[in-house]
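S.K.: Protein chains in written order, with our numbering: chain A, 1 to 892; chain B, 893 to 1503.
Derived by calculation from the structure, the hints in this document are not laboratory data. From the three backbone atoms N, C-alpha and C, an ideal C-beta is built for every residue, glycine too. Fair warning: there could be bad hints in the mix.
[To be verified] Each pair of labels, with its calculated beta carbon distance range:
| id | chain 1 | residue 1 | chain 2 | residue 2 | range |
| --- | --- | --- | --- | --- | --- |
| 1 | A | 475 | B | 998 | 47 to 53 angstroms |
| 2 | B | 1011 | A | 471 | 52 to 58 angstroms |
| 3 | B | 920 | A | 471 | 36 to 42 angstroms |
| 4 | B | 921 | A | 845 | 45 to 51 angstroms |
| 5 | A | 728 | B | 919 | 40 to 46 angstroms |
| 6 | B | 1384 | A | 391 | 41 to 47 angstroms |
[Claimed, not checked] Covered stretches of chain B, as calculated for chain A (at least 3 residues, CB under 8 angstroms):
| id | region |
| --- | --- |
| 7 | 945-951 |
| 8 | 1004-1012 |
| 9 | 1418-1429 |
| 10 | 1462-1470 |
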Amino acid sequence: WKKEEFRTCHQTPFCKRARSRIPGSSSLIATHVTITDGDLTAKLTPKSQPQAKPLILTLSVHQHGILRLKIDEDASLSPPKKRFEVPDVVVPEFASSKLWLPRLSEEDNGLASSVYLSDGHSAVLRHDPFELFVRDDNSGERVISLNSHGLFDFEQLQEKSEDDNWEETFRSHTDRRPYGPQSISFDVSLYGADFVYGIPERATTLALKPTRGPNVEESEPYRLFNLDVFEYIHDSPFGLYGSIPFMVSHGKTRGSSGFFWLNAAEMQIDVLAPGWEAAAESHIALPSHRIDTFWMSEAGVVDTFFFIGPNPKDVLQQYTAVTGTPTMPQMFSIAYHQCRWNYRDEEDVEHVDSKFDELDIPYDVLWLDIEHTNGKRYFTWDRALFPHPEEMQKKLAGKGRRMVTIVDPHIKRDDDFYLHKEASKKGYYVKDSSGNDFDGWCWPGSSSYPDTLNPEIRSWWADKFSYENYVGSTPSLYIWNDMNEPSVFNGPEVTMPRDVLHNGGVEHRELHNAYGYYFHMATADGLVKRGNGNDRPFVLSRALFAGSQRYGAVWTGDNTADWDHLRVSIPMVLTLGLTGMSFSGADVGGFFGNPEPELLVRWYQLGAYYPFFRAHAHHDTKRREPWLFGERNTELIKDAIHVRYALLPYFYTLFREANTSGVPVVRPLWMEFPSDEATFSNDEAFMVGSSLLVQGIYTERAKHASVYLPGKESWYDLRTGTAYKGRVKHKLEVTEESIPAFQRAGTIIARKDRFRRSSTQMANDPYTLVIALNSSQAAEGELYIDDGSSFNFLQGAYIHRRFIFSNGKLTSIDLAPASGSNRRYPSDAFIERIILLGQAPGSKNALIEPSNQKIDIELAPLWFLRARAPAVVTVRKPDVRVAEDWTITFLV
Amino acid sequence: SKPKDPFLGIAPEDDKYYRASDVIRCKDGSGKFNQAQLNDDFCDCADGTDEPGTSACPGGRFFCRNAGHSPVYLFSSRVNDGICDCCDGTDEYDGQAKCPNTCWEAGKVARDRLEKKIATYQEGVKLRKQEIEQAKVAIEKDEAELSKLKKEESVLKVIVKQLKDHKEQIEKAEEKERLQKEKEEMQKKESEEKANEAKDKPDEDMGNRNEAGKHSDVENNDVENNHDKIENLEGSPADQDEAGDKLADVLDNDDGESDSLGSEGSLHNKVEEANNAKEANEEPIIKSETNVKVDKKESSDENDNKGNGVTENTEGLSREELGRLVASRWTGEKTDVESAETDSKLDNEDHEDLPKETKKDEYEGYASETDDESNRYDDDTHKYDDEDDVDEEYQEDEHDDLSSSYKSDSDNEPDLSDNPSWLEKVQKTVRNILQVVNLFQAPVNQSDAARVRKEYDESSAKLSKIQSRISSLTQKLKHDFGPAKEFYTFYDHCFEGKENKYTYKVCPYKQASQEEGYSTTRLGRWDKFEDSYKVMLFSNGDKCWNGPDRSLKVKLRCGLKNEITDVDEPSRCEYVALLSTPALCQEERLKELQQRLDLLNVELPANHDEL
């Protein structure tokens, strides 16, 4: 972490200017308020200068309680150039969800106009001074508002005259800024909010601490600017590799709402502490139960979305209706990944692979970092180290395992490298401010970067992944995009200069935060193309932006092997999930440094619950494959990995839920318990779906852990089946064997208790259902199954069951739409075991219908691998098929 | 799914256990099950006793007979997983995968391989025996030599003592004479001086001036000391600033004048480095990938900077230099500038023979380490202290090297040859001298004195040679040559192996190194045997940036020649090499292999019997 290499707000002119403005300084008023093409439109002009160039405001309403506000320069007045609007982030389907507003209503004697937003909600535009807010019509209370504090400011583009010197310098880098200052800033208030969350990516707490106002010491705003930060620290508002300008609020009284600003320029966001405006005159009486925020961006337009919630999951649904739901991953990609910088050669690969088998530890993917290439030329192999890449991949594939290779955006400027030759000939590189191919320094040395903002270039890039083009690739090879912030070692702040030019004259400053997004998109498209659209892509990216969830997984970058980084991985992963990016994880073990065996074991135990579960390490670290720390630690790590494999059916079902609803796999507690205040700032525990609560152990030699279990129902310890009361903070004993994890009473989880070499061989293995009964002796849960790899599920080739237990009877119900489609996914898999937690041993038999068979009930261990596993009520071999309808009645 | 054969997956020796009664106990005592539950594809015993033939128990074991090849136990996770694991195909019976019986072919290959191995062992066992015999003889010889040397030593000691006494007495006498002479001369001079006294006035001024000069020297020292103190107080940040400056200096190719430089020598180096850096900048490829050794000064300073928010001066860098510098944070590699530095050092390096190279190398490695250390904690004084340490170590090494090379020397030297008469000759000569020389004669007879001195010098030189030989022999015999002394022949041997561009040199009981061109990196000093003499461990090699000190494990295998067959670096700076050697061809192991072959042959499948 080299603080001085990165700009502070104070060193960033637009941020410094914006932050120094005082409330009420915006004098814009809304005129010409009317309905145009089903949208509310208006002009914004300064009250004192009615002749000034107006801004054009457009307000549109979409289904499910989504309000979109756009403000831009007036195109009819021919500004110097069109400001950049981020393309290809809002999903095409979103347009069709627009509600055509028939009329507007006058409010407040013509001082304001309002339109219908959803049942019970309106959007209100106050004219003078201009302010926009969403109102709950039943209570009359505000939900979200913009410019209530009069901080709105929009710097319009200018033609440069001789006198203008707009250049900015930072540490020997000069930024030309040909259009002058063009920043935008405004305040947003979230009502009924106890906390705000979101705006990744940074290593800090889940609930965002205030950055300005009374009692705030470190006064840096949250920065959204994709950067490759060497050895980032674990508690900082500083922005890391990705940016999602989406904030979620939550409070006990109202619930959640959300605010998203689609803008890819550098953004800085202040969360204002209550009383921040005390010095200023308040011109509108606002309810005090709110959180004010201040948003600043260097460029772009106002294209903002207001989500009314009110349930936290509603907000996710609303947000992903705009930016898309997470992609459905392949089964292998949610299993365990083994990575290291670097597995050096084919022998190393073979050795690591066989060692897993020797110890019967499952893993699904082996990764190759940059050193596998010929001189950091991606799509090539160092043939001395990897003379037979196809054969190597086939060997892994023979055991159902995949390989991932790294492909970064920097292309080596080597005239003998086909990719460089092509890209430079076709003019596909990003250009420097004087129009030449931008030349920056990265792993290969002098490099250029494809301009993936351009769809034509994306398509060209995607073609590079075909089996013919990527020599040595096979169908079991998938891709890792690193350094796509983009990382430029000799650029300002280790990235691209802001005046570099993209397709259509777009300045890098306008698009910076989305560069990695387009690159990720192009790569994922490449894998789809390669498999003729039959094979789901898997691409891991480090940089991310709003919408990245549609293209694959992300990880939290170069973390460090220490307990603080283990701890902060949870708020980081939770925040990503909360902003749509469900498929994420941190490097297990920590990238930099050597973890003590205890830390490594704890990291595996926690990492087994990350949506993306990969161990990775820097090349200077000692080897740390699971078997290198003595037999006991090997066993513990193996156990942790086994937990993940046992829960794969549950995880896969959750990934499908995310895919359909946007609700993340791993969730903050308050998403499941929105009215339990004790959960609002808890970021050491988290929910996996709605049924599992997990808490990491973040300290050395911990003997105890305090775990808060929310809700009125009990929780069953995942390993012992012991019940713990809800709404209580429990002081639990902790052993080295596991971290605290609980199944919520009232849920049913499908497990697979047979372990294989990889998830591939588990496809037909039987299931175990674990039923955790609630206080009314009832429970339910879901199970989603498909082929785990193709897109056939989009045509209905899947199994989706709901299991309901009540009145002593377990029923399996089909949730798949009865489309009459014969593309159903066929499965012979059966249920081998049903475990009842919270059931007193009593009944000896159960009756299966429709087959009308009687089966035995006995006491059997909750988990089989544990020597002293406690016995629980178990139905032995019901052998009902998972794809079919059936009931099992417990006979008394 | 359930197997057709209810006893599938059970080893023959367990057959009884499963068939004896209807109720069977789980082997771990956790419970019991009945015949119907055996291989019913449902796990009843945590240890998998009830499911030897299915995948139902995660802890279970599946036995495949593999007639024609070796029988194998599989993890039950392999049963019906669609992958053929047993060559007889019995692990896959649910129809997912077709697994033909390949045991005969596989077994044949295995038998051939085993037969070859046995042949090697048979030969190797003989060689090993020879070596052990030779070692015995050689050790006896060494021991005999040692005891002889010790005897000689004691005799010679006496002689040397006598000569010494004699010499001292002569010297005393001479001293006496000298003093007498001086006294006389003094008196003479004094009288002369008295005569000249009047002319001496102006000299006093001179004296004063000298005094003043001395005084200012002291002041300078004080200033320097204060400066040191300040640096110490400020601790690492100041040093890091310096490091930053240093870096900038080097990169800028400035005059290289920097406070942080410890000595003229290093100053000189800096400038040279900078010049080289300039040249090397032309070459874009990051050289350092290859040479892991080198003192990563910049990088380790980086490391120190971590989190301190100390300004590192990157402002004056060219774009390319900046790129390289930032990249080096992740890679830990030298930037161009640094690699130039190495090259220049390597060019200067003297590389005639191993010991010299090693010394040089060690010195460099150490010096760079010292730089780090001194940047972090110490002032210049300490730095020199460290260098003293280096010297000590260096001498120690030299000593080692001398003693090992001594043997060859001694072969040519008649003096120390096995001829027993030399000592007697010496004794005789000395006796003669001592008798002849009259100690009480004054003035001392110069030729007698010279004879005594010469004889003393020669005898004490001989004594020290003998002592050094004794010490080297003792050192040698102290080593662990294995239970049967089978590693004795390793003592004066180095084994070389090539891997890509590197040559690895393993000298048991001494050290191991990696050489590329003229550069040598020490992988470790001899440490010990491990894993019941199957591994030789070399540790405390050259320091690795951001990693452990280098170390090398040499795994030993039975082979007919002493030969390094493979070297690898599985973990950063932790090397592993394979050395095949007859020393590992043990008879017991040969017997085991033969038994295994016998078993394989017994298990030949019936339909192949006629072959």
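S.K.: Now look at each hint and say whether the structure bears it out.
M.R.: Evaluation of the provided hints:
no.	hint	result
1	A/475 x B/998: 47 to 53 angstroms	violated, 29 angstroms
2	B/1011 x A/471: 52 to 58 angstroms	violated, 43 angstroms
3	B/920 x A/471: 36 to 42 angstroms	violated, 52 angstroms
4	B/921 x A/845: 45 to 51 angstroms	violated, 28 angstroms
5	A/728 x B/919: 40 to 46 angstroms	holds, 42 angstroms
6	B/1384 x A/391: 41 to 47 angstroms	holds, 44 angstroms
7	945-951	holds (count 5)
8	1004-1012	violated (count 0)
9	1418-1429	violated (count 0)
10	1462-1470	holds (count 4)
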